[in-house]
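Model the full structure from these sequences, guided by the hints.
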Amino acid sequence: MEGLTIGSDSPGERFFMLGNEAIARGAIEAGVQVAAAYPGTPSTEILETLAGVAETLGIYVEWSINEKVAFEVALAASLCGVRAMASMKHVGVNVAHDPLMTAGYIGAKGGLVLLSADDPWAWSSQNEQDTRYIAEQAYIPVLEPSSVQEAKDMMADAFGLSEEFKHLFMVRSVTRIGHGRSDVALGEISKEMKKGSFEKDRSWLVYTPVVARKNRVLMLERFEKIKKAVNTFPYNQLKLVDGARQGIIACGLSYSYTLEAIKWLRVDGEISVLKIGTPHPLPEDLVKRLLNSVEEVLVVEELEPFVELHVRAIAGEANIPVRIHGKDLVPAVGELSAGKVTEAIARLTNSRSPVDFGELDKLEQEMASILPPRPPALCPGCPHRASQYAMKVAGRRVAKEYGKDMEPIYPGDIGCYTLSYLPPIESMDINICMGGGFGIANGLAHVVDVPIIAQIGDSTFFHSGLPAMINAVYNKANITMVILDNSATAMTGFQPHPGTGYTAVGEETESVRPENIARACGVRFVEVIDPFDLEKAIETFEKAIEYDGPSVVIARSPCAIIEQREKQVRGEKTVPYYIDQERCRVKCEACIQLLACPAIVKENGKVIINGSLCTGCEVCAMVCPHKAIIQE
Amino acid sequence: MKQIVKEVNILIVGVGGQGVISMSELLGQAVVDSGLNVRGSEVLGMAVRGGSVVSTIRIGSEVYGPLIPRGKGDIIVGMEPTEALRNIAYLSKSGIVILHTEAVIPFTVSLGQSEYPDSDKIVERLNGVANRVVALDAARIASEAGSPLVANIVLLGALFATGRVPIKAEAIRGAIRARFSVKLAPLNLKAFDLGYRQCRQAFK
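Going line by line, the protein sequences match chains A and B.
Numbers 1 to 632, taken from the working numbering, label the letters of the first sequence in order.
Numbers 633 to 836, taken from the working numbering, label the letters of the second sequence in order.
These are computed hints drawn from the structure, not numbers from a lab.
Among the clues, some could well be false.
Chain B stretches covered by chain A per the calculated footprint, using a threshold of three residues with CB under 8 Å from any CB of chain A [stated by the list, open to error]:
#	region
1	682-689
2	701-713
3	743-749
Because the structure is a prediction, the values reported are computed rather than measured.
Heads up, the beta-carbon is just placed ideally off N, CA and C, and yes, glycines get one too.
Written out as structure tokens, the structure is:
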């Protein structure tokens, strides 16, 4: 096993890996030459893994400014004949939606693969969107793996399929694939490297009405071929059991849960199972064979009844008298598990549950009632905590000056700082999508008379905050736009972005400064602050809020996690703060109630600072009215 | 050919930053090195900024999915008492809990929004479901090994002492040696051995 890495050309060896590493490995085996992405849980590690081997294997890897650009980068590479991929989380596919809708018309030359990482239960997302619908709308065939191993295998095959059918393919992962772990048998790495060349063909690539009409016909023809071919794809497998009255159609990861459930319920000898690896288009022949062989069928899939509706259509069209179950037995909300699928199949087959799930529900509810919730929180020393505090103090001061009912509205965005919506900070009132904070602020400005203080992170600003900033200038929206610049895409694991001065593979590059952009866009009030200089920060926020016209404040301080790591490398010691219990006699708890820093805790009636968590940021010492917080 | 192995489901739970994911990685690697099937999963991103962390490791010839069904867990390794209790519905009637007794107080308690239960109550509740609860102060044992930061490795040692993990302890020692630098490996190996010894006595 020694020396085996993600890029080793060691076919047959088994490697323990994260699903996202397996997806990257599949692309490596296929000889991918261009990979582009924007970070987003649960997809980020795919591009990170590729970036790690980019130099050795000669792959061009980039963090793109957003998913739309990432997809366009991959599409262009494919048109030049090289194998290319773009990876993104489900909601990132929305950002790439515009080019995607025409990409089906274009098809592909070099293998082109879009990886969408869906997030059932919205573990780290704003919704539970099912991307298969976008794929259907855009005529993109979908491969959906049932395991980490199959995710690797499908990625390795997808590029070849794309070239065979001259069409782009989507691989749909979910959280428990991408962030699943498994032993994976490695395949051979393709050594074929193509030199990209662009052949001009305007009747194919310049999307005017005439070109669109012509290529739409060709797209439908290509898709028809794929529809026939999927019946023999190895990812779709029909196991008919002689004399079975009931059948299960299980899509993607749900197939793994189904295998376990029917074994647990001891009904594996009584039920026919169709494994679906291509939810779009469905293998119609296989579906019909199953439907014709049973009286009742259950469709098991996560999120929406996508396969279920198509199965119903197939049954209706072919006049097959079969009873179809799906979301009546399988939850539409949240991710599935072998347990949930067991419950659904137990109901279908009238089998006795191996455990009393009702009792377990009760036990869980009881535990939830006695246990303290542990939501995620901003880290100790996080510069966002200081920024939020300063912003709120400034907002309150301005409101006081201008009279009642002037409480500011705080639109926000997506990143670590979203956690500021939680008590006690509560400095975010609305958050819907990447770049949405500034956009919502624009709208609010024209209908309400209170200060609007919108915040966005640095990476998110580059991703999609910029157009809304220009919109505010153009349409004279009187708003304050705060850019929380911690020099990283922190929430997803500190990926670089256009402001950081280095690329996905660690090369130095131009650092794009948000303050220069703001000034160039015509914002007249632009200030850069250090959020840990609290007094100055509050004063600057106040001026920005009072300014008549759009204003921009950039709160710049590196992410505390990165800062602590770098300190360690430099050999610098962190000197934590402690609470002088003599001076803390009043126990006002201002530090806790204003900041909720995880390093400040109450123990046996005393407020203390956990020295191993404290980064020495000093914010608590600045807000303590009794000067009881002192550095060691 | 792979060995045919009975299903073993292990839940490793704790708080972001306690080393839960490292434990899964080490355990999973050791299982693969031993030639067995392994599946697992955890949630990353938004959930881990100081929040609850749950990681699963599943071993066995007929294990397919990454998640453990409720009522089917064989062992819960709890890096924090309330986190172990939060996941108790996953444990089977014959299940074991290996518990690090040190509390990590969530900020919802400091804010006065919730209360942290009495530690005896927690163990009592765990005992109500589990076949056996082995509680140890892993941070103290880790300090004996050289650093409180390797409390997670102490618990990994305790996990092996239950005799329910179907691989040799030498495999995990190998995974520890492969993962840590020459400087840090001895510390981690010592933590593993101390945890193993402490728990072994409980199982004698």
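Hints, one by one, checked against the model:
With a cut-off of 8 Å between beta carbons, the region 682-689 of chain B has 4 residues touching chain A; three or more are needed, and the interface restraint holds. Under the rule that three or more residues need a Cβ within less than 8 Å of chain A, the assignment of the region 701-713 of chain B holds, with 4 such residues. A count of 6 residues in the region 743-749 of chain B with a Cβ less than 8 Å from any Cβ of chain A is obtained; the coverage claim is therefore met, three being the minimum.
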